[in-house]
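S.K.: Since chain A is already given, all that's left is putting chain B on it; use the hints.
Protein chains: 2
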Amino acid sequence: MLIVHKYGGTSVGNLERIESVALRVSKAKKAGDDIVVVVSAMSGETNKLIAYAKHFSDTPSRREMDMLLSSGERVTAALLAIALQEMGVDAVAMTGRQAGIKTDNAHTYARIESIDPTRMQGEIAKGKVVIVAGFQGINQEGSVTTLGRGGSDLSAVAIAGSLNADACEIYSDVDGIYTTDPRIEPKAKKMDFISYDEMLELASLGAKVLQSRSVELAKKLKVKMIAKSSFSDAEGTIIGEEDKNMEAVLVSGIALDRDQARVSLREVSDRPGIAAEIFTILAEEQINVDMIIQNASSDGLTNLGFTVPQSELPRAKGIIEAFDHDIGGKDFDADICKVSIVGVGMKSHSGVAATAFSALAKENINIEMISTSEIKVSMIIAEKYAELAVRTLHNVYELDV
Amino acid sequence: MLIVHKYGGTSVGNLERIESVALRVSKAKKAGDDIVVVVSAMSGETNKLIAYAKHFSDTPSRREMDMLLSSGERVTAALLAIALQEMGVDAVAMTGRQAGIKTDNAHTYARIESIDPTRMQGEIAKGKVVIVAGFQGINQEGSVTTLGRGGSDLSAVAIAGSLNADACEIYSDVDGIYTTDPRIEPKAKKMDFISYDEMLELASLGAKVLQSRSVELAKKLKVKMIAKSSFSDAEGTIIGEEDKNMEAVLVSGIALDRDQARVSLREVSDRPGIAAEIFTILAEEQINVDMIIQNASSDGLTNLGFTVPQSELPRAKGIIEAFDHDIGGKDFDADICKVSIVGVGMKSHSGVAATAFSALAKENINIEMISTSEIKVSMIIAEKYAELAVRTLHNVYELDV
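If you're matching them up, the sequences are chains A and B in order.
Here the numbering used here = 1-based position in the first sequence + 29.
Here the numbering used here = 1-based position in the second sequence + 29.
Rather than coming from a laboratory, the hints here were simulated on the basis of the structure.
Copies of the same chain look alike in the list, so a pair counts if it fits in one copy or across any two.
Computed list of lysine-lysine pairs in BS3-like fashion (alpha-carbon distance at most 27 Å, straight line):
#1 Lys216 to Lys413
#2 Lys56 to Lys83
#3 Lys155 to Lys131
#4 Lys83 to Lys59
Same shape as in the complex, but just chain A:
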């Protein structure tokens, strides 16, 4: 089997941890598998380099930032190769360029365009463990590019796809994907399996383990991902294709996103283009709008609600308050949160949302906004009820059984 391992910044956070990673890789290699390892920078390194750059400029050029930031992963890759060689494991370190990773020209958030795995394959054929510096590639003119925060996950999945690997194991400091945050609901259970689509919803709804872009790419390339802990030998959670032959689980998990603020606009003129006008201005000011809800109109007036990250509420408020026509009333609230239920089973079962609404109602939790997709239901509620809502939903869908 050919397995791609990916170790994040915490897993390679100091020399002792790099040594542990080397031991884990060595064990996997000796068990008979071919191993390619993708590494992040040692935790703290990237932030240190960013601070260096900010010393000189608030808006450092993105091309030079890429040359700066890509150095951290190279250091880890070289050190891990040296550690493996010392253990008698034949290993070779590669930069993104050497691993054949070509990207577009969007410095600091480049997209992988292609991978030429020839050199990696040559080294694997010689029996070597290949260590690749994650998060980076080169563009057409040969300059170094980086893939954005969390980009090493993306490197790992893309490499796994290009090598037709049997699995892409993503190691971090948590041992898998849980039905909800165990710090809120101690009965939360680690899942053995979750589908790409569910994982995507959970990631976008606030679960931090896997980067959304990498899950999307894994889905596209049909790469089996496994989320595992680099600090234990626990089994981890497989992220893969939904099994069409099995009855889908109704609800897989509950996600909580506290970083939300609500903007409600009442008595908005229900004429074409008014929503477009509002959201165009917000986009121009680079304010990220998450949920958008508009109720069906009556008597030419409608209600329009949306959420933004809490840190962007003051700016959003400024813009909306300056908007002096076609809006009857404006209301802003930072003390809210978003609770979501996710599950592919919802697609074919009605009543999943109703169960959530009545469970929250029984606890006297008022739902301020609702937004649904095929496999998720998101609800905006007062922030003070966050934990209670998570535990209530976790229980009503029997996730702790």
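M.R.: Using the frame of chain A, we list chain B on its own:
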């Protein structure tokens, strides 16, 4: 004019110093010259990375060491480019590879084989300051190589040669080449000019300012080097082609090397091959032999003397003491030093050496060994006379006038 600047680790040792370098480069660019800058890693960085590698292995693979160590120069190059851009100077950072530097395959002490300056020239033509990460290139298979300690000087000279630059300014924490060490002889004077050959002798005799390999390359490529301080606006010293039309200065400088130990072998059989036998064993044990003196033989016996770095004397002593044939007497002395006078004028003037010998004799300084080349005279004396000998010679050749 096209000028290459090179800044060493001390000159870019922290963010404030990088800022100063940016100001200096900006000033030079605004004065109308085209500027290419070659930078070292921030001082301490390379040693930190070496310590990281040594944590895992006493003999880390040289290929991975190159990937590891080359990261420091990239960081400096990116930061300097960002600092310049913030000052409104259009700048672009390049790795060794991007600057077109191809080397042989000797990881950690690679030799530059060729430079393709196309990309640098393109950026210069656009009016940009080009910042190149020193000390590195890539080999034929595309792996990163480094040029050995002090290799950034070499990068700078090679780049200056490939671009046909008007000068290569080497910035460090001293403001030029002195007639001798000013800490020993306060009357030492900074030279305005020194020839390549004299500089080579001075560098190999213990003057630390310029790396010998870079001076050799500058001589070969006819690159005018200028040794300057990054902490002042002083003029510096030009290292260039000896001016054949001018009468050469008799003696240019006095060098002192304290890191020497003497081995004297008496009554050595004067048969062919005995010297070869001794020095082959020393070479196999990787002991660096500096001066070697053998006197003309009489009655089938000869005296053979040589010097080694002080730290290697114990090992040399062990080897020589185990050498149990053909040698009458053995004598070892670590308390010696080497004082040298250097000057192209010696070539055409007899009596230069005699002046040195009689000046030292007048001070009752005994000369234990003498070795001469066309443009230098080196003398081994007791270490306690080191400063006195330097001042005496500096005075007798009127270097302080």
